[in-house]
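Same order as they appear, the protein sequences are chains A and B. Numbering of the first sequence is given in the numbering used here, commencing with residue 1 and proceeding in unit increments. Numbering of the second sequence is given in the numbering used here, commencing with residue 1 and proceeding in unit increments.
Just to be clear, a hint being listed does not mean it is correct.
Sample of chain A residues at the chain B side, in silico, Cβ under 8 Å [as the list claims (entries may be wrong)]:
1. 5
2. 6
3. 176
4. 187
5. 191
6. 198
7. 202
8. 204
9. 206
10. 209
11. 250
12. 251
13. 254
Mimicking SDA-like on lysine to any residue, the simulated pairs with C-alpha atoms at most 20 Å apart in a straight line are [what the hints assert, rightly or not]:
14. B:97 x A:315
15. A:312 x A:6
16. B:97 x A:55
17. B:97 x A:78
18. A:312 x B:97
19. B:112 x A:78
20. B:97 x A:6
21. B:97 x A:211
22. A:78 x A:238
23. B:97 x A:238
24. B:97 x A:127
25. A:78 x A:6
26. A:312 x B:112
27. B:72 x A:210
28. A:312 x B:188
Because the hints were derived from the structure by calculation, they are not lab data. The C-beta atom is built at its ideal place from N, Cα and C for all residues, glycine as well.
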Amino acid sequence: MAPRTATSVLAILGVLVLAIAAPFLVNDYLFHLLVMAVIWSILATSLNLVMGYTGLLSLAHGAFFGMGAYTSALLVTKCGWNFWATIPAAMAVAALVGVVLGVLTLRLAGHYFAVSTLSFGIVISLILEKWDDLTEGARGISSIPPPTPIPLFGLGELRFESDLARYYLALAVLILCLLFVWRLVHSAIGRALEAIRQNELLASCLGVNLVYYKLLAFSLSAAMAGLAGVLYSVYINYLNPVDAGLWNGFYAVMYVVIGGMGTFWGPIVGTVFMVTLPEFLRVFQDYRLLLLGILLIIMITFLPAGIVGGIKALWRRGMARPAASRP
Amino acid sequence: MNQGPVLVELDMVTKAFGGLRAVREVSLQVNHGEIFSVIGPNGSGKSTVFNLISGVLPVTSGQIRIFGHDTKGLRPHQVASLGVGRTFQTTQIFADKTVLENTIVGRHLQVKTGLLGAQFGTRHFRDEEARHRVRSLEILDVVGLRGDADRTAGQLPNALQQRVAIAMALANEPKLLLLDEPTGGLMEQEVVELMRLLRRIRDLGVTIMLIEHKMRLVRQVSDRIAVLNNGGLICEGKPETVLNDARVVEAYLGTVDAPAA
């Protein structure tokens, strides 16, 4: 066990160093993709908590993302709030709406649940578009200021005007979210969520309160999706109702599925893969989307457990063989 | 031992699915410390009775009292928290987890640390996780799976998977254990071992309700037996009395699926 742990720690440190150094190794456009990959990774990680670990296919995460983004942006631009104070507010709004949606829909099974979250997503983006007085409607909210500087007591202050600073902010938030999810899934709560995904009847007979744990997962996940939205709003500086629309939710589902549902690293691997892949397919010009589609079909057919799930299965097979040949 | 206080009491319990009454006006009592078998031909309502007791299905009429609590309206997890564990006719386990992980999931209601304790990795949290591990291994000792603790549950043979299910149910420290056909698909020798296991669990102070088709096992292990036919209770009492009762013989001989005992 110990050498494996050491390898894992080294691998994680390696990825971390790479993530910190990456902005200096790429051009402006790739840097933009990098920031977006980090923000989408937070959204995908939040979705993985409900879709991967708990087994609830939510198509509402684009809406939670947008609600977090709008809450923060409106509080900053219209109410003059300090940016940092808007973060808990944005997360709370997303979590609260998540609880309400959950109470209404979590009793529905499988596809019915997915369809009702889909409709919810549509309703949210319609509200954002039509409630002109509050949200500026389809014009959107422009010139969202960067996060308020953080004073460093005598050492100047931490400023976030540069994209680089906002990249590191997003990276730090992603790491915090990953730590949160890691701790959560390695506790009794995570065991309960996985038990629900695998067998609701058995889980409830073992004492797992299905409604409570589904709501818990759903609201924590919604809050995290809202947090991703907040980072998006201060990176792009502009929001419109499309940002809360269905596509973000669909993309997040795709990232999680490609990376590996219910695996810890899957959402990040899937996001980075899918955000950067179109760039590598650029040489094919017009056929890019076609190739992307074919690749997706191939991956879902032959790697239903996603990239990380597939690697895990290969790894296990590799480990099983020498073990089986032991006397 | 059989004269202890009443643990489970069914009072005129009926369960109807539409027009079909799967369980009709069944009244029975299970005493503390006994092995109480429920037998009957296929489709006689045995599993439905278990589903009613464990809260998986609501009763249509009548009352079920467990340890004196009226369980009307309780969900399965609430019944579990009263101290009731169960297994299912088709073995239900978490197939891709290890045997130990399965057992630890069964400790769910015993875990006291919440979200924050786990988030900050408090000492209390780590100590508690370690304690649940130790206790889970003890339970695996009871069911004879200690040596298989780190094996993937789904890869075990059928007989051992059934024991994983029993270990999971025991992990919640139940006072009452409902076992729905634990001998399904077992070989002769495995049935004998299971019989020993049931006695061991009973001797630990756990009352057992057992649905069983293997008559030899029922005869040897049961303190009392209830016989269901067409959803109704036709006979109840000590094994020697019940198994020689004319109505019971008729109920079995009258069906195609007579038990292969």
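Earlier hints that do not hold, by number: Checked against the structure, the hints that fail are numbers 1, 2, 3, 11, 12, 13, 17, 19, 20, 21, 23, 24, 25, 26, 28, while the rest are satisfied.
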